[in-house]
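My request is simple: use the sequences and hints to build the entire structure.
Going by UniProt numbering, the first residue of the sequence shown is number 1, and it counts up by one from there.
These are computed hints drawn from the structure, not numbers from a lab. Even for Gly, the Cβ is constructed at its ideal location relative to N, Cα and C. Since no wrong hints were added, every one of them can be taken at face value.
Listed next, the in silico DSS-like pairs over lysine-lysine satisfying Cα-Cα at most 25 angstroms (straight line):
#	residue 1	residue 2
1	Lys67	Lys333
2	Lys203	Lys215
3	Lys8	Lys200
4	Lys8	Lys215
The calculated label-pair distances, taken between Cβ atoms and stated as ranges, are:
#	residue 1	residue 2	range
5	Ala229	Tyr502	50 to 60 angstroms
6	Thr307	Asp244	52 to 62 angstroms
7	His322	Gly423	21 to 31 angstroms
8	Thr101	Glu237	50 to 60 angstroms
9	Val407	Ser337	16 to 26 angstroms
10	Lys162	Ala404	14 to 24 angstroms
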Amino acid sequence: MGINQLWKLVSAGEKKLTLEELSRQFHRKQGCGLRVAIDVALWVFQSRSSVVGDQSEIRALFFRFNKLYELGIRPVFVFDGPSRPDYKRNKFINTKPLETTFRSNLIAMIKFFRFSLWDAYGEAEAECALLQRLGFVDAVYTGDSDVFLFGARRVIRQWPAKRYEPVSVYDITWICDSTTLDRSDLILIALLHGSDYDTKGTKGIGINVAAQLAKCHFHRALFDDIQVAGRASLDDERVQHLFDDLSYELQHNSTRNMLKKHTGVTLDPKFPDFSIVIDFIHPLTNIESDDPLILKAARELKENLDTFHEPDWQNLANFAQHTFKWPAEYVLKRFTSLLFPAFMANRMRRRTAVSRSLTISPQSSQQSDTSSQQTSLRDYFRPNPRSGNNQNVEKTSEIVRLTAVKVIPEGDLKQYRVEWDRGCWEHFMTLVKSRLDYEAYNTPEDTMVLSQRIDGDDEEEDVDDPPEEEEQEGTSSQKGAYKRPLFDLVKRQWVDADDVHYKYASLALEFQGKKRKSPAKIGGQTKLTSFLILPPKRIRTNTAH
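In structure tokens:
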């Protein structure tokens with residue numbers, strides 16, 4: 001979707017980062033969760049193409065939601081609105097939202113996770129871009145390259161297939177620094193090469209020639225005036241000047257921006273279609289509406305995005321049981337293995353949480369997209385001037401002890417393996433189990449259907465290190481001979497070392513002291529340690545001759 005080959009054109013401005021790295025950096029810099037706007041249509045398409053089976057699409061999204069919650073990411077799911085163009089990619093499309101069981105289940109799950117949702121006026125990607133430009137969110141999560149033309153500045157493109165897998169991240173500043181192309185250039189490229197709204201473009205102009213023409217900057221003054229004038233009509237004479245300048249450049253290559261002349265290429269007499277230009281620069285959106293009801297909804301959206309909320313555990317567990325047809329015992333197992341680690345990760349993370357102010361800082365779509373030099377990950381999210389005071393979170397004892405330490409190469413992330421206090425899991429189970437039906441979905445037929453789906457479910461969940469195996473007195477080593485208690489599956493978990501140091505500094509220092517004092521294992525030296533350890537100093541003795 002979007003402009004064909006645009007992702008390839010801007011690839012020099014792409015960086016590979018993990019979601020864990022992005023969310024951790026944002027928490028450390030701004031003291032709050034990363035806020036993202038998500039194009040629902042893209043996620044629904046991906047969920048339908050990834051798995052098959054009964055309720056497989058909503059199950060796939062359930063696992064993604066768990067990942068967002070675990071990382072402390074605050075999403076708003078943006079749905080296409082009824083006023084989206086009815087002609088796209090040379091096809092008439094249905095612009096009316098369909099009230100299906102899937103849609104109602106998806107909306108219910110969003111609400112039970114206490115995430116946000118927003119209905120666009122038209123195109124969801126246009127609404128996502130405006131949400132970011134107005135400061136509601138920090139990045140847009142989409143695979144549609146049109147989002148840059150609508151004014152989005154930070155874009156996360158892909159969903160990771162596994163934990164710590166890097167994803168493609170873009171910033172308009174990185175793109176401009178590496179390609180010299182800004183938002184107005186990308187809009188001209190769309191007019192010349194084709195987009196969702198005009199797939200034909202100009203015959204003979206590929207993505208590279210379109211980019212070369214954009215670097216001539218014949219269009220910039222005109223597009224800047226459109227930015228100021230809004231959706232008002234323009235002087236036809238100025239539009240004709242742009243047509244003439246581009247036509248002359250194709251024939252003569254006077255600026256030497258192109259590799260050669262393109263004398264056989266002729267622009268369409270109707271070029272450019274300025275209805276498309278205006279829709280890109282000034283898209284109609286709900287988030288900019290002055291309707292009192294929409295303004296109230298926008299304030300509620302901002303507050304929900306700026307505040308961390310725990311999921312509605314009772315209703316979420318009940319929803320999972322009846323939507324996925326899971327027996328109560330299986331729900332408890334799933335929520336223990338998937339959501340309890342996320343529950344504890346957020347509990348630790350909130351020790352350093354900082355409340356946001358609710359100030360919205362409007363910015364124009366063209367404002368200083370390329371004014372600042374931004375070349376590193378630490379510049380992807382700058383310190384938040386809107387941060388308030390530290391939240392007073394009750395300090396309780398969650399950790400019994402630290403058992404190990406490791407460093408994740410992706411992002412140089414240090415983690416401790418902690419052992420949780422059992423009371424934390426018991427509290428979590430109390431939140432989850434109150435509305436479960438212990439008689440439902442327990443027939444032999446239900447059990448058979450469930451067993452056929454378990455393997456598919458396992459493929460969708462992000463699995464951390466497998467649980468540590470412990471010898472159980474008086475049990476057989478044969479598979480299935482011993483059924484481990486649920487808490488034993490999750491009582492040890494890898495967590496961010498920074499969170500441990502903030503809340504349990506003495507525990508971390510004690511663990512580090514034990515590591516330093518522990519004797520080296522025989523044969524445990526590496527080539528490096530062997531090289532650094534000097535042999536015992538020889539004692540010189542005088543020998544009588």
